[in-house]
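As numbered in this note's numbering, residues 26 to 173 make up the sequence shown, in order.
Don't read these hints as lab results, they were simulated from the structure.
Treat the hints loosely; a few may be bogus.
Straight-line distance between alpha carbons at most 35 angstroms, and here's what the computed DSBU-like set of lysine-lysine pairs gives [unchecked claim]:
(1) K141 x K52
(2) K83 x K52
(3) K141 x K41
(4) K140 x K52
(5) K52 x K89
(6) K108 x K41
(7) K108 x K140
(8) K45 x K141
(9) K140 x K88
(10) K52 x K41
(11) K140 x K36
(12) K83 x K141
(13) K36 x K108
(14) K89 x K36
(15) K83 x K36
(16) K88 x K52
(17) K36 x K141
(18) K108 x K141
(19) K32 x K52
(20) K45 x K144
Keep in mind that this is a model prediction, so the values were computed, not measured.
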Amino acid sequence: MFTKLSKCAFKHPIIKVWGKSYRPLRKSCRYGDMDIEYEYRGHCELPLPWNRTMLKIKSDVEKKTGFEYTFVLLNFYESGHAKIGAHKDDKASLDQSVDIATLSFGACRDMIFSKKGCKSVRQALEAGSIFLMQYKRNGLMLSTLNLV
26 MFTKLSKCAF KHPIIKVWGK SYRPLRKSCR YGDMDIEYEY RGHCELPLPW
76 NRTMLKIKSD VEKKTGFEYT FVLLNFYESG HAKIGAHKDD KASLDQSVDI
126 ATLSFGACRD MIFSKKGCKS VRQALEAGSI FLMQYKRNGL MLSTLNLV
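Could you build all of it, start to finish, from the sequences and the hints given here?
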């Protein structure tokens with residue numbers, strides 16, 4: 026599966042944070058239904074059409090979770106130096122009735138969840154694992170993918 030995923034159309038997006046543009050160390054690509062638009066930090070992009078690999082993953086995740094997904098964001102971390110800073114996946118384009126599914130392929134990484142005034146919680150994302158977060162919980166907590 027990892028070999029098939031590595032052939033996806035990954036690229037370094039340009040992201041705006043606090044008015045400054047930069048390219049993160051991670052690469053990303055998006056697949057989904059053609060009527061879905063994904064906006065992230067002032068950057069709007071239409072998804073690529075579903076391919077066979079993405080449809081297989083989508084079907085497997087839908088069977089395991091009971092949710093129907095219309096969109097997938099793939100992040101590729103070439104090294105342990107790539108990370109995602111503290112954030113909430115609370116985009117207007119996300120269906121609030123569907124849990125956010127995180128799948129991990131490759132090296133184990135820790136996702137850290139934090140809320141002001143509370144102790145942070147670490148969750149190891151092992152290769153091949155799936156992690157679900159309710160949309161409403163996502164709005165209450167920040168999640169971070171730290172450096173290795």
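Results of checking the hints against the structure:
no., hint, in the structure
1, K141 x K52, "holds (29 angstroms)"
2, K83 x K52, "holds (20 angstroms)"
3, K141 x K41, "holds (24 angstroms)"
4, K140 x K52, "holds (27 angstroms)"
5, K52 x K89, "holds (27 angstroms)"
6, K108 x K41, "holds (16 angstroms)"
7, K108 x K140, "holds (19 angstroms)"
8, K45 x K141, "holds (25 angstroms)"
9, K140 x K88, "holds (31 angstroms)"
10, K52 x K41, "holds (15 angstroms)"
11, K140 x K36, "holds (31 angstroms)"
12, K83 x K141, "holds (34 angstroms)"
13, K36 x K108, "holds (15 angstroms)"
14, K89 x K36, "holds (29 angstroms)"
15, K83 x K36, "holds (21 angstroms)"
16, K88 x K52, "holds (28 angstroms)"
17, K36 x K141, "holds (33 angstroms)"
18, K108 x K141, "holds (21 angstroms)"
19, K32 x K52, "holds (12 angstroms)"
20, K45 x K144, "holds (30 angstroms)"
Violated hints are absent here; each numbered hint is respected by the structure.
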